Every structure is written in structure tokens, then in C-alpha cells.
Amino acid sequence: MQTRFVRRVMRLIPTKRLLRRRGRSSGLRWRLVSGLLLLTAGAGLVAVGQLYPAEVADARSRLAGPVSSILAIAQAPLRPLFGLRQRYDDFLAKESELARLRADNEELKGWQWRALELERHLADLSALTKVVNEPGLDYVTTRVLARSIGVGSRSVLIGAGERAGIPAGAAVINQRGLVGITYEVGPATSRVLYLTDVSARMLVSIGRGLVTAEVAGTGGPYLDIRDGGRSFEIAVGDEVMTAGDAGGIPRGLRIGRVATAFQGLRVVPHVDFDRLEYVSVLVSRERGADEARSADRVGSAHLSAELQNEESALVAVPAGRAGEPAHLRLVRPAAE
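In the numbering used here, the protein residues as written are 328 to 663.
FYI, nobody ran anything at the bench for these hints, they're computed from the structure.
Label-pair distances were calculated between CB atoms; the ranges are:
no. : residue 1 : residue 2 : range
1   : A401      : G362      : 24 to 30 Å
2   : G513      : D554      : 30 to 36 Å
3   : R528      : V563      : 21 to 27 Å
4   : N432      : D572      : 51 to 57 Å
5   : V525      : N432      : 44 to 50 Å
6   : L530      : L464      : 17 to 23 Å
7   : R528      : A430      : 52 to 58 Å
8   : V525      : R578      : 20 to 26 Å
As the structure is a prediction and not an experimental result, all values here were calculated from the model.
Where is the CB? At the ideal position from N, CA and C, for every residue including glycine.
Please work from the sequences and hints to get the whole structure.
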């Protein structure tokens, strides 16, 4: 009975809370005691230094050597860690410098690519000037704007038209040879029919014997040789050139070379039609001059209409040098 009563009493007493409180209070006591001891020791050292300054200085000088050696020995393993912050800063600086150099390298690669493209374009345009040396002919160089490749149909859209003096049926070339002919001409654009289009037909001269034949487009990368009267004189590797046409294709433009095929002889064009960027359209100089004069007339009409609408005045400015014509300047009247 006593044991049961004692157990019930012990259950009612919060022993755990009391132990916790005692532990906390004992920890606080030790902290207070240690703090008081440190303050007392510090105050004692200050008092001794004030009362006996010579003895304290002597003791300090004697202890400086052993203490410094002990500190040096203790710091020896930690010396590699002293420059860790500086090394980390240097690493970050080098990382940022490397990122900047990579960006500069990428930019330089872009400029290098642009320079190579411009160099290639310049080479193409320079080669275009050496393709044709025909008296009475002029050429208009322009860029390929779009390609249209269907089943058997192959053509491109170029950025020059009637305003540049380009007629329908004019020969279109690049630095390698004949590309095709113009067949749809607008004011500022023209469509060029490839030689390889299924509807393309042309008279050609083949080889040194100048065998006259007709080539026709196949819709693929080759041309078929048809109506060759002296086909026995045609050999593989013979050069194929235009035979001349009254419609506007001059004589002697390079087309390709003769190659064998399963069904007979075919012509492999010199022009790489998939990489066309710049082409030249051959036009007669008389027609170009007429078109230029008509364009000047249209421009003059627009200018006179603008003068009438704007109520502007056209005055003549005297020439600066002898032999120079007077220039015309558009002068607007001052607002009233």
C-alpha cells in the first residue's frame, strides 16, 4: 500500500520540469562565475601593470620570443589558407575575363563570316564582268530574291525589272555561265526561267566542230540533247555554248559539258542553281538608253506635279566651274 501511494505522489510532482529548471540555473551560475573571474583577472593585470610597470615590461619582453615561436608553429599549417580569399578573388576575375574573351571571340567569328561572305560576293561580282564582252550589250546585276522549285518547274525571282531596262526573253548569267531567260517582267522584279526547266528549249553549239543541236530541260540537274544532226561528232566532255538567238540570247555563252547517260548524251550545266545569289541580265544598250529616258520622263512628270501641288519654286544656281551646267535646286517658299 505504501509503494502504491508513493508512486501516485511521485506522478503528481513535476520532477522533469524541476530538473530542467535546475540545469538552466546551474548553467547561468557557471557563466556568471566565469565572467566575474575573467573581469577580476583583467582588473588584476591592469592593476599590476600600473603598480609595477618595469617588471611587467621585462616579463613581456621575455615572453615575446617563446610566444611568437609558438604562434608561428601553430600558424604553419594554416598558412595555405591565408591566401585563399585572394586566390578566390583572382579566380572570379579570371572567370569574368574568360567570359569576356569568349564573347569577343564569338563576335570576331561573326565578323570573319561576314568578311568571307563579302569577299565571296566580291569575287562573284568581279567574275560577272568577265563573262561577256559583246559589243552593243550591257548588263544589269541584281540579287536573287526567291526561288520557286516545283515538279519540273525551276525559276527564281530577281530584284530588277522594267525600270532597269530588262525585257522579257533576256539572257541571265552569272560568273559560271548561262542561268536562264526572263519570262515575267514587272516594274521592279523579274522571274527567270532556269535552263533545266521542262519548258526550256535552246539552240546550242557543241564542241570544236560547233555541232548545232537543241537542248531541253528535264526538270532535274541535266539537259537533254535533241535534234543533233551530227550527233556522231559529239564526244563526252565537249563544251556546250549558245548558238545565238534573235530573241535576245547572244552567241557563245557557256552552258555546260556533255556527259553520258543511260538514254544517251546529256549536258551538265556549269551553273550551280542551288547557290545562286547574284546574276546579271544582258540587255541591249539602245534599249537601256530608251528605258533610262522613259524613266527620266516619268521622274520629270512626278517632279512637275509635286511642284504644282507644293507651290514650290525652281531656281537655277550658277555653275561653280567653267563648262559645268547650272544646277537646279528645289526652293520652297517661306510661310506667310
